[in-house]
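Throw the hints in and build the complete structure from the sequences for me.
There are 2 protein chains.
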Amino acid sequence: MTAMRYLIIYDITDDNLRLKVAETLKDYGLSHIQYSAFLGSLRRNKLNSLIVDLRRLIGDAVENVQIYPLCDICFRRRKMIGKPKRYEVAEEHREQKAAYF
Amino acid sequence: MTAMRYLIIYDITDDNLRLKVAETLKDYGLSHIQYSAFLGSLRRNKLNSLIVDLRRLIGDAVENVQIYPLCDICFRRRKMIGKPKRYEVAEEHREQKAAYF
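Those protein sequence lines, which keep their order, are chains A and B. Per my numbering, residue 40 is the first one in the first sequence, and the count goes up by one each step. Per my numbering, residue 40 is the first one in the second sequence, and the count goes up by one each step.
A hint or two may mislead.
Same chains, same label: a pair holds when it works inside one copy or across any pair of copies.
[Stated by the list, open to error] Straight-line alpha carbon distances no greater than 27 Å define the calculated DSS-like cross-link-like pairs of lysine-lysine that follow:
no., residue 1, residue 2
1, 122, 85
2, 122, 65
3, 85, 65
4, 122, 59
5, 65, 124
Hints are computed from structural coordinates only; laboratory data are not their basis.
The structure is reproduced here in structure tokens:
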């Protein structure tokens with residue numbers, strides 16, 4: 040079973056829910072490429088499992104997650120303007136980490 | 040010259056710059072699908088012109104815009120979780136509009 044690349048973007052107003060969604064996407068091995076966007080490869084069963092997890096998290100809330108598959112041709116033609124930002128740790132952990140400095 | 044569909048996502052901390060980028064994307068006829076994402080079709084010359092405009096706006100700031108082409112196959116396989124949100128007017132205009140009610 041081959042993996043496919045996906046771009047996942049979200050618009051979640053609720054801070055707690057946004058953090059949970061970000062942590063879920065990270066748990067699936069996706070990379071945090073923008074404040075509200077993750078990118079990475081998933082096999083079909085993992086994608087389905089992620090969709091189930093996200094549906095459970097979002098429930099009936101007026102919040103929004105969108106998943107776009109990106110074939111190799113689409114992915115190779117992407118463009119970046121500006122500079123990449125870093126989102127290695129969740130907000131909670133960032134505060135914890137800051138205490139070490 | 041055929042148009043191609045693009046998903047444009049941005050992570051811009053500066054409020055003023057974010058508003059300018061959103062207005063630029065709207066001026067190019069793209070649809071505001073999430074707080075920090077627009078989607079729509081552009082001919083190649085329009086895409087190039089947009090990239091020039093965005094580069095000029097972003098300059099050397101540590102801000103980030105990413106453009107992903109979406110072929111028909113990728114686009115048809117997109118998934119939405121939760122509910123669509125509405126972003127019809129820019130923040131400034133929303134305030135002006137609110138004054139009419």
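Hint check results:
In this assembly of identical chains, the alpha carbons of residue 122 and residue 85 lie at most 27 Å apart only when taken from different copies (22 Å versus 30 Å within one copy). Taking identical chains as interchangeable, the C-alpha atoms of residue 122 and residue 65 lie at most 27 Å apart whether they share a chain (21 Å) or sit on different chains (22 Å). Taking CA atoms no more than 27 Å apart as the test, residue 85 paired with residue 65 passes inside one copy only; the shortest distance there is 13 Å, against 35 Å between copies. Proximity of residue 122 to residue 59 under the C-alpha cut-off of 27 Å is found in both arrangements, the shortest distances being 26 Å within a copy and 18 Å between copies.
In this homomeric assembly, residue 65 and residue 124 come within 27 Å of each other (Cα to Cα) both inside a single copy, at 16 Å, and across copies, at 24 Å.
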